[in-house]
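Chains A and B supply the protein sequences, listed in that same order.
Position one of the first sequence corresponds to residue 47 (our numbering), numbered consecutively onward.
Position one of the second sequence corresponds to residue 625 (our numbering), numbered consecutively onward.
Where hints are given, some of them may not hold.
What the hints assert, rightly or not - From the derived model, a few chain B residues whose C-beta atoms are all more than 10 Å from chain A: (1) Ala-647; (2) Thr-655; (3) Phe-664; (4) Arg-666; (5) Asp-678; (6) Trp-688; (7) Ala-690; (8) Ile-693; (9) Tyr-711; (10) Val-714; (11) Thr-729; (12) Phe-735; (13) Ala-739; (14) Lys-747; (15) Leu-771.
Unchecked claim - If we take Cβ atoms under 10 Å as the criterion, some of the chain B residues that face chain A in the derived model are: (16) Glu-637; (17) Ala-681; (18) His-685; (19) Ser-686; (20) Arg-695; (21) Glu-706; (22) Ala-710; (23) Leu-721; (24) Met-731; (25) Ile-732; (26) Asp-736; (27) Asn-745; (28) Ala-746; (29) Val-753.
The hints are simulated quantities; they were obtained by calculation from the structure and are not laboratory data.
Computed from a predicted structure; not experimentally measured.
Glycine included, every Cβ here is placed at the ideal spot set by N, Cα and C.
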Amino acid sequence: MSRSIIVRKKVQNMKKWVVAGALVALLPIAAGAQETEPGAMVIDVPQSTSVDDLLEKVRKGFDVQKREDAERVRIFETRREEQDQLLADAKAREAREEARSQALEKEYQEKEVKIAELEAALEQRMGNLGELFGVTRQISGDSRGLMEASITSSQFDNERIAFLESLGASKELPSIDELKRLWYEMQREMTEQGKVVTYTTEVYTPGGIEQREVTRAGVFSVISGGEYLLWDPNKGQLQELAKQPPARFVDTVGEYEGGEGLTGLAVDPSSGSLLAVLIESRGLVERLQAQEGGAVGNVIMGLGGIAFLLGVFKMAWLFIVGRKVASQKKSTTPDTSNPLGRVLAVAQDNPDADREQLELMLDEVVLRESGKLESLVWLVRIVSVVAPLLGLLGTVTGMIRTFQSITLFGAGDPRMMAGGISEALMTTMLGLVAAIPLVLLHAALANNTKKIVDTLDEQSAGLIAQQE
Amino acid sequence: MGQMIIDVEAFLETGGPVLNVIAIVTVVMWTLMLERFYFFYRVFPRVAEKAQEDWQARDDHSSWGAHQIRRLKVSELRMELEDGLAYIRVLVALCPLLGLLGTVTGMIEVFDVMAVAGSGNAKAMAGGVSRATIPTMAGMVAALSGLILSARLEQFAADEGERLADRLEIEHGGSEE
């Protein structure tokens with residue numbers, strides 16, 4: 047196509063030159079005509095002495111002028127002939143050029159037809175080759191992306207990527223060699239993907255670049271020294287992971303590297319995405335150290351901690367009291383170091399009281415004892431209820447922060463909102479984390495307290511009656 | 625069998641650490657419930673029988689002392705009946721809370737991933753989402769299973785307590801409670 051345009055342009059240029067040539071040929075004629083005119087007005091100024099002299103001079107002047115005029119006419123006549131001759135020449139030349147132009151025009155048209163024919167022939171002969179060019183570019187671009195991301199790149203040098211990049215970007219038809227190379231690289235990638243290979247390569251560690259022997263399992267995982275490595279396609283390097291996957295996955299690596307025959311290996315089917323996410327994830331302790339819960343989170347932790355400590359303390363105390371009450375149940379002599387002993391002591395101290403009086407006195411002392419037993423249990427209960435509420439409060443304050451940042455920066459970047467969201471979620475989590483053990487603790491406390499109070503309440507009279 | 629263990633491990637892995645806690649709570653809850661069922665249907669009838677025989681063996685069924693002793697006996701047996709029921713109740717109540725905790729920790733992971741990879745990468749977020757939803761579901765299932773049986777157990781304890789009081793008959797004529 048482009049070739050035909052060039053040809054057409056050439057022909058058009060030629061036409062222009064022909065016309066311009068004709069014009070240049072005509073120019074001298076016009077220029078010669080102009081040149082002749084100014085010489086006519088040259089007159090000598092006379093030196094007058096007397097009137098006669100003047101007259102004589104005027105007469106002489108007339109003669110001279112007459113001669114000059116005659117001479118001028120003569121020259122003009124000759125020049126006119128010359129001009130006529132030149133005009134005739136130019137006209138003849140114009141006719142010649144006109145004829146040539148027509149001939150060229152004809153040739154041009156003929157050639158245009160021929161060009162069209164040749165172009166059609168070219169298109170026909172090129173056939174699928176044009177398509178092949180596009181496909182080659184597309185395929186080499188795609189393959190480059192795939193191979194860059196592929197773990198096999200850690201094994202081969204960058205040359206194949208550079209080749210694919212240049213092939214994908216080139217504007218010319220690929221050569222046979224290039225096509226062969228492309229096919230070879232694709233085939234090699236496919237073959238290598240199915241292999242487990244051990245080789246030495248550079249590994250980027252926090253301490254710098256190291257040459258290490260690594261084992262590549264297909265395109266899924268690269269392992270070295272009992273650890274997983276991560277292939278970073280952007281930087282084109284193998285990296286040490288900051289954090290390894292759970293132990294039961296890492297354990298398989300050691301077996302795999304040292305193993306003979308068939309051994310199992312946990313692979314990352316996403317070719318590294320899962321491992322990359324793993325590095326970024328942070329544990330609860332790291333989050334707490336970063337104080338992601340904010341002020342509300344600290345309040346929850348403080349309250350929860352105090353309630354938990356008091357609850358545990360109360361639990362231990364109840365346990366001791368419970369043991370003492372149990373041993374008191376078996377003995378007949380009241381021991382005032384435990385609540386049941388104190389209740390029974392009332393009966394022993396008042397042997398003369400009748401039943402109704404005794405019941406009243408027992409009720410009173412049981413009430414007093416149960417008050418002591420039930421102290422602090424309410425605190426654990428209340429904190430276990432308040433902690434999730436505080437968590438909810440933190441959620442709301444966190445969401446307010448999030449929406450404030452949306453107002454300021456828009457919702458486009460989730461990173462901007464991350465602080466508020468993590469506060470919201472962390473407080474909710476802290477609330478639940480504080481509440482769950484407290485609920486359990488409260489259940490245990492309430493259960494044990496109830497047992498002892500029931501013993502005092504319902505059994506004290508029975509125990510007295512049994513002893514009688 | 626080995627495949628089953630692997631399946632369960634994979635399930636626990638996708639559910640995250642909270643799912644382990646839910647699993648432990650569920651196991652403890654079911655152990656307590658099974659212990660209760662065993663106690664109610666195997667141990668308790670004999671204990672109640674013996675208490676009734678002891679009571680029948682007494683001459684005095686009407687004095688104040690006898691009343692107090694009966695009260696003592698009933699109270700002791702009720703305590704035995706209700707032993708552990710409070711824990712079962714609390715564990716049942718804990719299951720949805722733990723599910724919620726899992727939801728929150730899972731969502732934290734989702735937002736972590738979003739902060740790193742942006743909101744476009746749904747594949748990377750899926751891990752956090754499964755850690756948010758699986759514990760919620762597991763918590764609900766555990767709570768529902770526990771709720772039905774614990775209601776049955778509590779009903780049983782209450783009924784048996786009443787029946788026990790009736791079985792230890794009082795001869796009227798003495799002072800009533």
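Consistency of the hints with the structure:
{"no.": "1", "hint": "Ala-647", "result": "holds (15 Å)"}
{"no.": "2", "hint": "Thr-655", "result": "holds (15 Å)"}
{"no.": "3", "hint": "Phe-664", "result": "holds (18 Å)"}
{"no.": "4", "hint": "Arg-666", "result": "holds (23 Å)"}
{"no.": "5", "hint": "Asp-678", "result": "holds (12 Å)"}
{"no.": "6", "hint": "Trp-688", "result": "violated (5 Å)"}
{"no.": "7", "hint": "Ala-690", "result": "violated (8 Å)"}
{"no.": "8", "hint": "Ile-693", "result": "violated (5 Å)"}
{"no.": "9", "hint": "Tyr-711", "result": "violated (6 Å)"}
{"no.": "10", "hint": "Val-714", "result": "violated (4 Å)"}
{"no.": "11", "hint": "Thr-729", "result": "violated (6 Å)"}
{"no.": "12", "hint": "Phe-735", "result": "violated (5 Å)"}
{"no.": "13", "hint": "Ala-739", "result": "violated (4 Å)"}
{"no.": "14", "hint": "Lys-747", "result": "violated (7 Å)"}
{"no.": "15", "hint": "Leu-771", "result": "holds (16 Å)"}
{"no.": "16", "hint": "Glu-637", "result": "holds (7 Å)"}
{"no.": "17", "hint": "Ala-681", "result": "violated (14 Å)"}
{"no.": "18", "hint": "His-685", "result": "violated (13 Å)"}
{"no.": "19", "hint": "Ser-686", "result": "violated (13 Å)"}
{"no.": "20", "hint": "Arg-695", "result": "holds (6 Å)"}
{"no.": "21", "hint": "Glu-706", "result": "holds (9 Å)"}
{"no.": "22", "hint": "Ala-710", "result": "holds (5 Å)"}
{"no.": "23", "hint": "Leu-721", "result": "holds (6 Å)"}
{"no.": "24", "hint": "Met-731", "result": "holds (5 Å)"}
{"no.": "25", "hint": "Ile-732", "result": "holds (5 Å)"}
{"no.": "26", "hint": "Asp-736", "result": "holds (6 Å)"}
{"no.": "27", "hint": "Asn-745", "result": "holds (8 Å)"}
{"no.": "28", "hint": "Ala-746", "result": "violated (12 Å)"}
{"no.": "29", "hint": "Val-753", "result": "violated (13 Å)"}
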